[in-house]
Amino acid sequence: MEEILEDKILLAHGSGGELAHELIEKSFLKSLANPVLAKLDDSAVIDFSGRLAFTTDSYVVSPIFFPGGDIGKLAVCGTVNDLAMSGAKPLYLSLSFIIEEGLPQSELNRIVDSVHKAAQEAGVEIITGDTKIVHRGSADKLFVNTAGVG
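FYI, UniProt numbering numbers position 61 of the sequence shown as 61, with every residue one higher than the one before it.
Hint data in this document are derived by calculation from the structure and do not stem from the laboratory.
Heads up, a few of these hints could be off.
[Claimed, not checked] Just the calculated beta-carbon pair ranges, DEER-fashion:
#, residue 1, residue 2, range
1, D42, R110, 22 to 28 Å
2, D130, R110, 17 to 23 Å
3, P63, N34, 16 to 22 Å
4, K8, V60, 30 to 36 Å
5, S86, S58, 35 to 41 Å
6, G123, S49, 15 to 21 Å
7, H21, P67, 21 to 27 Å
8, H135, H21, 32 to 38 Å
9, L29, V60, 24 to 30 Å
10, D41, P67, 35 to 41 Å
Backbone N, C-alpha and C define an ideal beta-carbon position, used for all residues, glycine too.
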């Protein structure tokens, strides 16, 4: 039984304590590591000059895996597309997850890896984000929010 629990997201993963740190290290920094994100600050400080485009979007889809992609790839591609359609060169994204308690860790890792791949292909970096865990039944597995700058 213990093995099964280790592969599930628990409410305690959202507590800000040891389990939260472990979740960030094993699921997010493992795939999305870069110098700005590695600071684990509440906000990313980056240097810009000139005009900026800024967009945000939330992604709530079921199922979270579908032919051709998943909610993570959709989130990156959708936000990058919004920036590109405004004439901007996409540069940076924020990435926030609302995770339902009980989501298998393997599914979260698969989505974060997909985010990483999509971000690399688009030439953007994930430089900040947030993670919240909600009680089972309060969400449909996983919701994603992104913001993009370009």
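Looking at the structure, which of the earlier hints fail to hold?
3, 4, 5, 7 and 8
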